[in-house]
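**Q** Sequence:
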Amino acid sequence: MSVDRSRILVTRVAPFLWACLSCLLALQWLVDLGMVGFPDGYITPYARATSTLLHVLVWACLAQSLYFACRALFGKRFEPAPLFLQILIAAALTVVPAFIVKHCPRSQVCSNIYEALTNTMMDDGTGG
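Reminder that position 10 of the sequence shown reads as 9 in numbering that gives the first Met the number 0, one-by-one numbering, no gaps.
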């Protein structure tokens with residue numbers, strides 16, 4: 000396989016794999032958002048406060064997965080460096096913030112920051 004052919008293969012496969020991964024993550028997060036309050040109907044103040052932000056991040060993640068899938072399937076030739084930079088930026092703008100918001104109640108540092116900013120205790124819904 001020539002260098003040019005392997006470069007084309009990488010620039011087609013990498014965005015398609017990223018599109019698949021980000022789509023799966025976004026769909027999982029949509030299911031999680033749909034299950035907020037299940038089974039007893041109690042929605043924590045943190046979940047209520049972050050619901051809109053998470054919905055925006057999930058839909059942005061789905062949009063960028065569609066963009067990268069189209070780019071992989073129908074895009075013209077492009078260089079790997081700008082492509083991987085775009086994937087990195089997309090991850091930094093959609094996936095990383097969603098992970099931070101979703102896992103904040105389990106992090107002591109994040110919980111302390113949340114409590115300092117809102118003057119309320121972090122209630123992650125666990126307990127008896």
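Take these hints with a grain of salt, some might be off.
Unchecked claim - Label-pair ranges, simulated between beta-carbon atoms:
| # | residue 1 | residue 2 | range |
| --- | --- | --- | --- |
| 1 | 20 | 54 | 32 to 38 Å |
| 2 | 6 | 115 | 27 to 33 Å |
| 3 | 116 | 54 | 17 to 23 Å |
As the list claims (entries may be wrong) - Quick list of in silico lysine to any residue cross-link-like pairs, SDA-like style, CA-CA up to 25 Å:
| # | residue 1 | residue 2 |
| --- | --- | --- |
| 4 | 101 | 43 |
| 5 | 101 | 24 |
| 6 | 101 | 27 |
If you are wondering where the hints come from, they were derived from the structure by calculation, not from laboratory data. Cβ coordinates follow ideal geometry from the N, Cα and C atoms, glycine included.
**Q** Take the hints in turn and mark each one as holding or not.
**A** Hints, verified against the model:
1. 20 - 54: 32 to 38 Å: violated (20 Å)
2. 6 - 115: 27 to 33 Å: violated (49 Å)
3. 116 - 54: 17 to 23 Å: holds (21 Å)
4. 101 - 43: holds (13 Å)
5. 101 - 24: Measuring from Cα to Cα gives roughly 12 Å; hence the hint holds.
6. 101 - 27: holds (12 Å)
Of the numbered hints listed earlier, those contradicted by the structure are 1 and 2.
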